[in-house]
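Protein chains in written order, with my numbering: chain S, 1 to 374; chain E, 1001 to 1315; chain C, 2001 to 2311.
Simulated from the structure, these hints should not be mistaken for laboratory data. None of the values given here were measured: they were computed from a predicted structure. No residue lacks a Cβ here, since even glycine has one placed at the ideal position from N, Cα and C.
Just a sample of chain E residues kept apart from chain S, beta carbon distances all over 10 Å, derived:
no., residue
1, 1038
2, 1039
3, 1041
4, 1065
5, 1070
6, 1090
7, 1275
Mimicking DSBU-like on lysine-lysine, the simulated pairs with C-alpha atoms at most 30 Å apart in a straight line are:
no., chain 1, residue 1, chain 2, residue 2
8, S, 46, S, 247
9, E, 1202, C, 2007
10, S, 368, E, 1014
11, S, 109, S, 125
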Amino acid sequence: MNKHQLDHAKEQIKERMDEVDKSLPVGTSVMQKNRKKTKKVRSDIKVLQVNNLQVSFRTYGGEVEAVRGVSFNLHQGETLAIVGESGCGKSVTSNAIMGLIPQPAGIIKNGSVLFKGKELTSMSKSQLRKIQGVDISMIFQDPMTALNPTLTIGEQLTEGLRTHKRVSKQEAKQKAIEMLELVGIPNPTERLKQFPHQFSGGMRQRIVIAIALICEPELLIADEPTTALDVTIQAQILELFEEIQQKTNISIILITHDLGVVAKIADRIAVMYAGKIVEIGDKRAIFYTPEHPYTKGLLNSVPRLDLVGEELQPIEGTPPDLFSPPKGCPFTARCPYAMEVCEHVYPFTKAISESHAVDCWLQDERAKALQELS
Amino acid sequence: MTNSQEVASPQHVKDEWFRPLPKGHVNAESVVRPSLSYWKDAWRRLRKNKLAMGGLIFLVLLMLFAIFGPIFSPYSVIATDYPNQNQSPSAAHWFGTDEAGRDVFTRTWYGARISIFVGVMAALIDFFIGIIYGGISGYKGGRTDSIMMRIVEVLYGLPHLLVVILLMVIMGASLTTIIVALTVTGWVGMARIVRGQVLQIKNYEFVTASKSFGAKSSRIIRKNLLPNTMGPIIVQMTLTVPSAIFAEAFLSFLGLGIAAPFASWGVMANDALPVILSGHWWRLFFPALFISLTMFAFNVLGDGLQDALDPKLRR
Amino acid sequence: MGKYIVKRFIMMIATILIIASLTFVLMHLIPGSPFDGERTTNPTIQANLEKFYKLDQPLHIQYLSYLKSIVTFDFGPSIKKPNESVNELLARGFPISFELGMATILVALLSGIILGTIASLRHNGLVDYFAMTFAVVGISVPNFVLATLLIQQLAVKWDLLPAATWSSPLHMILPIIALATGPTAIIARLTRSSMLEVLTQDYIKMARAKGLSPARIIVRHALRNALMPVVTILGTMLAGILTGTFVIERIFAIPGMGKYFVESINNRDYPVIMGTTVFYSAFLVFMLFIVDIAYGLLDPRIKLHRKEGDA
Chain S
1 MNKHQLDHAK EQIKERMDEV DKSLPVGTSV MQKNRKKTKK VRSDIKVLQV NNLQVSFRTY
61 GGEVEAVRGV SFNLHQGETL AIVGESGCGK SVTSNAIMGL IPQPAGIIKN GSVLFKGKEL
121 TSMSKSQLRK IQGVDISMIF QDPMTALNPT LTIGEQLTEG LRTHKRVSKQ EAKQKAIEML
181 ELVGIPNPTE RLKQFPHQFS GGMRQRIVIA IALICEPELL IADEPTTALD VTIQAQILEL
241 FEEIQQKTNI SIILITHDLG VVAKIADRIA VMYAGKIVEI GDKRAIFYTP EHPYTKGLLN
301 SVPRLDLVGE ELQPIEGTPP DLFSPPKGCP FTARCPYAME VCEHVYPFTK AISESHAVDC
361 WLQDERAKAL QELS
Chain E
1001 MTNSQEVASP QHVKDEWFRP LPKGHVNAES VVRPSLSYWK DAWRRLRKNK LAMGGLIFLV
1061 LLMLFAIFGP IFSPYSVIAT DYPNQNQSPS AAHWFGTDEA GRDVFTRTWY GARISIFVGV
1121 MAALIDFFIG IIYGGISGYK GGRTDSIMMR IVEVLYGLPH LLVVILLMVI MGASLTTIIV
1181 ALTVTGWVGM ARIVRGQVLQ IKNYEFVTAS KSFGAKSSRI IRKNLLPNTM GPIIVQMTLT
1241 VPSAIFAEAF LSFLGLGIAA PFASWGVMAN DALPVILSGH WWRLFFPALF ISLTMFAFNV
1301 LGDGLQDALD PKLRR
Chain C
2001 MGKYIVKRFI MMIATILIIA SLTFVLMHLI PGSPFDGERT TNPTIQANLE KFYKLDQPLH
2061 IQYLSYLKSI VTFDFGPSIK KPNESVNELL ARGFPISFEL GMATILVALL SGIILGTIAS
2121 LRHNGLVDYF AMTFAVVGIS VPNFVLATLL IQQLAVKWDL LPAATWSSPL HMILPIIALA
2181 TGPTAIIARL TRSSMLEVLT QDYIKMARAK GLSPARIIVR HALRNALMPV VTILGTMLAG
2241 ILTGTFVIER IFAIPGMGKY FVESINNRDY PVIMGTTVFY SAFLVFMLFI VDIAYGLLDP
2301 RIKLHRKEGD A
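All chains should be modelled from the sequences, with the hints used to inform the complete structure.
Take a look at the structure:
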């Protein structure tokens, strides 16, 4: 190994370390320029810091490494979208943050989840319960199954409030009515007495959102909140998210595979592949200057109005089996630019800009030289 | 992103690795595990279930004994031998003898024949009637279906064993009447299951998909419909057998079993009841043991099959 | 809901009518008359029977009068017991059988649900394994075997509990255990599998995400939904318990309806067989109706639509 390589490697490690420290700094000029259109100003307060999170599941077939070292930060009032194909570990990541990894099959093998400085992964179940639903709430994919069919909407709305906060029945009911109004359900007083089956899918998702927000949490994790809904309803629900965020300055983690949804409400985007975040960055950076071949592939497989006439390009192949994850870059087998190095070593993280980082060997000087050659 | 991966240290990243892989490197297919056929896969999973396999082995052994046991026994099933009545188990009479001096060992295997015959016949007849009735109902759909299902619903509400008792009282006790009485009421459950399966599968997207690919209907039936319908039906059959065996024992116990010199497990248990307190425990013990073991074996086998044949549980 | 009750009610009436008619037809299929002189030795009974069943009249008159007697709960005289009517037998025996049956179903429900729930919460654990082994054994051992075993061991050998009759709560323990074990096992299995399914539902995950206590999640969110299938099998289970009483009453010498019924089968006392069958069938169908209504009350979704034939 020559000196040049060594220097380069050192540089890369330093970059990585810096990045962990700063982790996509906020309030930079780039960011502010990008955010001009919205009134939101990103706060300096880090609500959530996830560091090298690793989650595995024990199954009959062996151990599945569902999340293989995920790190990101989330600021107050920010919406981070985690995108990727199904099975890439995005839902497992959100469940791990929420403390909802199914026991005893699922294990958090490593890493930390800091919520406002408090470590969640080492908390006891009863400690976690004081945070679940109060400080962190979750919205699930299918509103048709997320509500208990045998309890009234009112009961399901108020039970979290009554568990966590000292409120009278009457106060809880009043709050429930307010929440239903907030999410846009007409006649909330009468509707409290009704059962889930008496509501449409869109209405149910509104109710689920109301339930999630009733204790005024600081972080909302939305796992595919619009996937099961009609397109028109989807738009309404997304607008509701934006409205709520403006009113409450809540931070949102949005798990989705729908880039349309992402384009609409995300501030930052993390692209996950095979249990790793392969690229993370500001929305504009990911959409306009994607660096990871997988991100490019994702964007090319979505129809875009500004690129009429271009052919959609599906990503060929399937994601790797996480029973035995490859030791190199997991995307190698499907990557049109794959190099030998990709098979051997997982790439180091390269910060493209202060708000954009990618795990890909193509960012390496040596690969760039190769590209120029050919 | 990653910061503590077990990545090789930078020294290991060799320069020469920075060259493109050949075009054909996209070998995503290789990660797909070999797919087994439905039945092979089910069998593989059934074999893993030790309890179910134990049940299966027990049942196979029981059948062999039922067929060959009486043949190799030196004693007759029906001939009386009063000097040797009510003997406890010994080298000569492994399971002892009854009040007429008949060998309980021989009679137990003979009883196995009767009990298994009743169980299997009841399950088979249920299967045929159920598959025709439920199949027509589910396949035709619409009005036919709703009328046929109304009938089934009413029949389902009948207290089966009471009807069976009534039938047996009228028709007189015999092997045939037991089977007839059991199937007259028993087919309804099977018909419901078959109909449910047919309805469900009729609308499955993959059937439409196969059709649109131009698959032959025989292929659709063999590859898609059969594996997905047969699961619950086989399970239902497996569970019908023990309930028929139980019903036969129950009827025998009420004095509606097969006639005197012959034996089924139920008849033997019933005959043993009055003498149980006089210490002739073997008279009840062996038939009761075999009824219980057989029911147990069929139940665990049925459970195992249920798990093994459920396409949703495939892994 | 109203429409649903009416529909179920009509079904109930139809079922009872079918059973009654079936009984009538079957009785007339018996070669000769079911009440031939050779079956009774007593000419007065013979006369009573012929009068009650209007055997001298044409068939349709017989049928109508038979239906009428069923509607008025009059099942006519017995063959073997002079001066006793089927009604009197029922009045004497049924309350005892009812007591036995109800006690059994209560015991089975309580223990089955508790066992099944614990097993589901300790899925694949030791408790689960134990509970399910008990359940399969409980389903496999016929109640008459269990009953004789209990008598032989607990009553005769150890003399812990009385072996026969129905005279005190102590006397009731063994018969109830013998009769309840099977149903307990079935309920435990059903509760377990139903709980396991419910526990994977999104609304349970949502309840957990709300930070509710495990006890509240299990009782209020999971059990309530998981017990729906248990309610639906109560009807059929009751039928099983009822026929089980025939056997248990005989073994424990309990003077309930089952004992008379078995006697009547052995004596070929047709009026008693007919009367009891029709009475018990009507009773069971009525209970099935009650269970259906209860299900409708428990599940709010049923008011709007009912899932059809999803066997």
